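Novice: Below, each chain spelled out in residue letters.
4 protein chains.
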Amino acid sequence: MKKKYLNLLLIPILLVSASVYGQKKNKPNPLKEDAIQSIENRYSDLTNLSDQIWSFEEIAFQETQSAAALSDYAESLGFKVTRGVAEIPTAFVAEYGSGSPVIGILGEFDALPGLSQNKVPYKSPLHEDAPGHGCGHNLFGVASLGAASAIKDLIEEGKIKGTVRFYGTPAEEKFFGKLWMVRAGLFEDVDVVMDWHPAAETKAAVQKGLALVDFQVEFKGQAAHAAADPWNGRSASDALELYTSGINYYREHIKPTVRIHYHIQDAGQVVNVVPDYSRIWVRVRDSSREGLMPVYERVQEMAEGAAILANVDYEVNLISGIHEVLVNRTGSAALQKNLETLGPISYTEEEQEFAKKIQEATGKPENGLVSKIEPMEETAVHSMGGSTDVGDVSYVVPTIRLSATTAPNGTPWHSWAVVAAGGMSIGHKGMAYAAKALSMTMVDLFENPELVEAVKADFKENLGDYVYKGMVPPGPPPIKSNLQ
Amino acid sequence: MKKKYLNLLLIPILLVSASVYGQKKNKPNPLKEDAIQSIENRYSDLTNLSDQIWSFEEIAFQETQSAAALSDYAESLGFKVTRGVAEIPTAFVAEYGSGSPVIGILGEFDALPGLSQNKVPYKSPLHEDAPGHGCGHNLFGVASLGAASAIKDLIEEGKIKGTVRFYGTPAEEKFFGKLWMVRAGLFEDVDVVMDWHPAAETKAAVQKGLALVDFQVEFKGQAAHAAADPWNGRSASDALELYTSGINYYREHIKPTVRIHYHIQDAGQVVNVVPDYSRIWVRVRDSSREGLMPVYERVQEMAEGAAILANVDYEVNLISGIHEVLVNRTGSAALQKNLETLGPISYTEEEQEFAKKIQEATGKPENGLVSKIEPMEETAVHSMGGSTDVGDVSYVVPTIRLSATTAPNGTPWHSWAVVAAGGMSIGHKGMAYAAKALSMTMVDLFENPELVEAVKADFKENLGDYVYKGMVPPGPPPIKSNLQ
Amino acid sequence: MKKKYLNLLLIPILLVSASVYGQKKNKPNPLKEDAIQSIENRYSDLTNLSDQIWSFEEIAFQETQSAAALSDYAESLGFKVTRGVAEIPTAFVAEYGSGSPVIGILGEFDALPGLSQNKVPYKSPLHEDAPGHGCGHNLFGVASLGAASAIKDLIEEGKIKGTVRFYGTPAEEKFFGKLWMVRAGLFEDVDVVMDWHPAAETKAAVQKGLALVDFQVEFKGQAAHAAADPWNGRSASDALELYTSGINYYREHIKPTVRIHYHIQDAGQVVNVVPDYSRIWVRVRDSSREGLMPVYERVQEMAEGAAILANVDYEVNLISGIHEVLVNRTGSAALQKNLETLGPISYTEEEQEFAKKIQEATGKPENGLVSKIEPMEETAVHSMGGSTDVGDVSYVVPTIRLSATTAPNGTPWHSWAVVAAGGMSIGHKGMAYAAKALSMTMVDLFENPELVEAVKADFKENLGDYVYKGMVPPGPPPIKSNLQ
Amino acid sequence: MKKKYLNLLLIPILLVSASVYGQKKNKPNPLKEDAIQSIENRYSDLTNLSDQIWSFEEIAFQETQSAAALSDYAESLGFKVTRGVAEIPTAFVAEYGSGSPVIGILGEFDALPGLSQNKVPYKSPLHEDAPGHGCGHNLFGVASLGAASAIKDLIEEGKIKGTVRFYGTPAEEKFFGKLWMVRAGLFEDVDVVMDWHPAAETKAAVQKGLALVDFQVEFKGQAAHAAADPWNGRSASDALELYTSGINYYREHIKPTVRIHYHIQDAGQVVNVVPDYSRIWVRVRDSSREGLMPVYERVQEMAEGAAILANVDYEVNLISGIHEVLVNRTGSAALQKNLETLGPISYTEEEQEFAKKIQEATGKPENGLVSKIEPMEETAVHSMGGSTDVGDVSYVVPTIRLSATTAPNGTPWHSWAVVAAGGMSIGHKGMAYAAKALSMTMVDLFENPELVEAVKADFKENLGDYVYKGMVPPGPPPIKSNLQ
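The listed protein sequences derive, respectively, from chains F, Y, U and S.
Just so we're aligned, residue 1039 is where the first sequence starts under this note's numbering, counting upward by one.
Just so we're aligned, residue 1039 is where the second sequence starts under this note's numbering, counting upward by one.
Just so we're aligned, residue 1039 is where the third sequence starts under this note's numbering, counting upward by one.
Just so we're aligned, residue 1039 is where the fourth sequence starts under this note's numbering, counting upward by one.
Source of the hints: derived by calculation from the structure; they are not laboratory data.
Every value quoted in this text rests on a predicted model; they were computed, and no experiment measured them.
Just to be clear, a hint being listed does not mean it is correct.
Since copy identity is lost for identical chains, a pair holds within one copy or between any two.
[Said to hold, decoys possible] Subject to a maximum C-alpha distance of 25 Å in a straight line, what follows is the list of computed DSS-like cross-link-like pairs (lysine-lysine): (1) K1402 x K1293; (2) K1258 x K1402; (3) K1394 x K1293; (4) K1395 x K1410; (5) K1199 x K1494; (6) K1258 x K1293; (7) K1258 x K1161; (8) K1197 x K1118; (9) K1394 x K1410; (10) K1258 x K1518; (11) K1157 x K1394; (12) K1395 x K1157; (13) K1498 x K1293.
Turn these sequences into a full structure, and let the hints steer you where they fit.
Specialist: Laid out in structure tokens, this is it:
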């Protein structure tokens, strides 16, 4: 499997890279100044686009309007757009330029169920029970496209050579659309990929997050009248309940970095019948796919045990699984320089007040928005927290990642609070900042082939002899599974 | 609590009653002949009405069209109809005549979810996922109204005196509508009530069935990210799962007549969040309410145990509960005589063929339809099987019950097969037969005050000093709970 | 499998048999008077022997002194004694006479753990934590040997012809010694077997009791330090706990006549180690072996399910299993006559006082000792309660069974109260009464070949085409398993 | 609660302390040379004493012979010995000298159940099922007493002034005897305490280990015949099983540093009775007592939940609980210097061969014995692994701790392998080495009041405002609980 990250070896490279590719603080090179200007010129377009997607409230694989809005805008700017890639109606690629290097940038745009929210600093659903952008993806896709557009301008103006390619990547919150885009070979000819994520702080993103796998277990028994002849029934609910018991007993025997969680989706239909069908969605996570796999195997096997205990049949079906991120510290160091050049986002008093009210409403310390640029973090061996399907992209192409502030410090993620902040100027500012920082780093990559090579070398070093294989079942992506 | 049924004491009474009130076989008295003729005259109306209700496919508390069709028909015949009684929009009373005796008759008309079926002897849904009359209630209400109409004719013609009252009783399959009709005092001035039920055999119904209680348990915990900080979560799903574990352990310590079943209705919303809400529907049954109550108490208490184990809050809410039937063998003996007079239903070869195809399709012995009249059964101390909200009526007024063949021998009840047979001539014949047998027995009651007194004495004897109290929560019936 | 008991067919036979073989009340025939006299002559020997065995307090397969005392006494009377039969050191056969018929009689003599008690009517252990005769087996073996001795006298005196054979049958309370005695063919040449059991009433014993099977499940995992690396452990305790969970969930799906109980014998050794070994003793019962077998199969299979859930190995080992009793109502009717002839046991006021004090101490109605002879009971289709390894004898040879009063009405069996009463005159009287009734019925069998034939015919009728197969593992009986 | 360890602040102190108190490598000061000589002079005594204790195989609170052997030897050397301190018959204090400073040293000597082993490099019990020194405590007490004796010689010879005090501390493996010794105030006048522990490597011991608490939960229900009337039983085994289910579900909601383990000690007595009694030993651990307490509270509360679920009574009883170690890096740095002066233990080829055979037999890499002196480790915020009741001593007096090699690299601790190595020259060498290193560091403490002050300052800094309270129930220690 892949080699462990060799921190000591890389530090000298980083030091060198800083001196070779870096720019002095507060003195961006002219191309970067051009890129920043491009983004400022399109600020109104970008915020309108972001607000539209915010109001579309479309969940994974159902992002029809959002994908169309981004595609149309890219097309209007001159990008060549290919829609419906990788058998996913809402996935698309927008490309400009030709030849090497090919620099990609990722843009997500799906919302989360049940988080619809007005642009106010207290919980207030815009549409009852409707989805909302609780992960800031209305900003994500737009900022990336904004950065790509700035690069397009430079290519168009002949200032740099090569290809810039924007990936419209749906379904990050559920199913993990990038898996099928990787499977379709869409990243095969790319040199480096960039992305960012809305966050409560601004920094080069150098943590791995968690690998995970999602699968469903179905149990199939025999129905019977629960009062008249329960002895003729074989209960699929019994099997499911014994399965979760087994999983909970197993928790003693997993490493502290492993997480197993499940969602009982169906454990019977009516009270007076022994249920003949049940279904559970299980998720296993670990800080690496290497650690994940034996646990995944075990939890699958346990389904058989539960089925035997309850005398029912069972079926296990993989939904999808993602890798942790293969962090590229060389690329991150280049990004870090640009953050230091840009400096922190500045906020108005009104924005800070709005932020503090959100913090008050969510029980967090009322210290407002934070966007100070700290030195680049160490990459932890086991970084806990969330997961992203950018992980799989990072295993096939070197990936440089940014976090930019779009919500108050300490905001609970995947909550109404992120929706609220992402729908107004706080979110807009983060979006524009991200677009600038990403475009500046892309300028570095276009201008410095040595940087591209160093980023690639870092990728190879980290990957070692690990042979990537995406974790998706055969056949098309589960586009319709998310329809209600 | 109520006295046990005194079989030995009653047998002499039955022997006497047979000689006093009975008629000789095959020689119905003239009023009974009139009643039979009335029903034959309305055969076309009644089968049309039954087929309409069959096609309405309306579930508990949603039987708007079915209740209207029956009410309208009763009104058209001259009954005085009161709609929307007992705070239930689909409950109604249709009355004719005045003064004593007041003889009631019950009519149900609700369908069951998911059983929609064509009139063919193999599984074939008429409307996908729609309800269907898998318990034959399309026939039930109509036959009872047919019997009431025959009595109305006799009153109208001055041949008998008193009041006949038809009760349109919704929601027998879920929630148990009669509970609120009893609570509303609608049975207070009635002398005797009759009812029947579609079945696979024809007989006086002298088994008690099971008392039951339905209640919901909700657990309320604290949500948390299942990977990032599950230690900040308190899982409502854990509580629910530990609650069902507790229930299953408890099964060792309940009497063989007790049944406990449950339906997990909600155990979490998404896979990556520690669930803060869960809900389970629990049903406890026993052969008597007396046996039921301590088990019901225990299973309620257990919710607290599970809540403590999982560190969550909980709430237990009564839905409703019904008594077993207080069997009236004196009245049943009078009914039995009339069955013997009427003799079995006769079937065509086509009907027997249809029946055998249903039996083939449901894996039962292919012996067709059975309607032979057997001697009246013993009443078992513990009769297992199903439950009915007629139980509660039988605890406030003496109730005489009939089963009449409307489906092939051995048909799995609450299945498509009952829907199919109940929608064609097999069902129609059973319906007409039931109407006749019920009206004949009502003639006995109207003609013989001594029979009414003996039936009442039997009721009092059985009831003993038990003080009936219906098991429903305060407030209106849960009319909207069954809306999807 | 075996045919159901045909009650209606047998009743005429019984009526005939009563008139053919019976004697008039209070007029025993002279041989029976001789037998009664024999027993009275040996009353002092028998009570001494019973008190000795009472004081030996020896549990299953460890009854060395008790078996020796009975064997020695039989030998001293002239019986030919074979000790250590069927590979069981404490099993023996004492025979007298030769030729047909061969009439056997069973005698048990094992005590129960933890019931040591003084001869006082309140709980008072004789030896702390020592066994005691809580099932009255100190009386059982002695009474049977007393009856056999009376028959021996008659053979010796030439008054009857044939063979009487006493079976010293150990380990009835655990392991079920008779299984191996049956396997060894010790009952192959016997015509009829008799036995009795101490009880709280006196009657022909015509209920079947329960078939049962005992087996052990062992789980074998991998030990690990429970704090340092529990993820390297595979817990045998987890497997056992999930196994019992599975069993408890399964309770919903067994018939009301089935019982499953278990004893967790070992679920880990110390608190800080993931346990690598666990063991559970499981017992399944049903009212018939026919009903028992599929449940037994199921509960065995479940061990595999639990093992898979916990990722451990497992082993299932049969301990032993017994049949319900094949009741012989023809033989029982002959016994009933003799009970009616003998009439009830009479008690002194002191004995009734002692009995009432026991009843007071155990919270029972204080109505003293009951030995009235009631008419013979119906044999229930499903008779619940306890089990006996006489069941297996009854499946290979017709068996006639007696209950005789040796303890107060309502005494909790397997308690100190049975020990107390069985150690003093109440027990002695029951023992002598049993010896008399048994010897009288044996006289009937020796005198009336037609009775023997009728008893055999009843046996054949009941057995039908069922082919008996004892449920014991291959190899010798588990003599050493009960050593501490 | 106590302040977190302030690593950054302490590093300068350590650097200073090294230059002030340290000696150059390979040049021990004369007093240390004297101490080393003392130990070498007594080498034969010490190894004999260690081998005796090894062969006594005495478990917690039963170490009568071992305590006597150590006490007698101390007395023979001139120590003033007080036996049976802190209400523990096998606890004692051996003191020499007078006045300040008072330097204590701890000595353990209890064995572990079931680990009896011959002095051979493969599993081979010396006495079947007997205890064995699987934690090397036969060496522990002797080495500490050896070190104390060397100091005694120096005091006796007038070379240093003050008091040396050896604490004979029983029951470290179970119950944690030091808790009661702390409670009895035996450490109140001590300046610094030292101890060591047998290990597979040689180093200053600067990890905290885990705090833990042990408690028992008993459930008390109602017995009933498991076949005849299980509905009259309330099962203490059900309660216990539901309790462990609850614990296992709770594992999802504890922090990764927490461990919960349990030992089912009694879950029923016989298979055919609903068990009325059950008992479980539960242990909760965390990297700090602060983290431990809320989990301990929760797991106690859960007993009530399980009791309610199973309708039984329950009782929770604290056994004892220990703190993690309050590490004293200032003292450790002084010890580290002495280890560097002494250098590694050297082994013969035979010893290395013996070690490799043990490694082969236990499936470890066959790399023999390791005693190289590495630089002092960082103290981890959360150090996982085992626990020690030295933790509580370290919370009332500054404690300096050593690990010394007495077993092959990678040896599974608490195994036969530790017993084997600890009974022969490998163990003896480690014991002598420990005695020397400890005595050298004690010389530092006696010679340098500034060091004592710095050690005390470190202690105070770490303790902060935390107020120590030992976790033991009122009343005497559970001396008899460990008798079989």
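Novice: List in ascending order the numbers of the hints, as given earlier, that are violated by the structure.
Specialist: The structure breaks hints 3 and 13; every other hint is satisfied.
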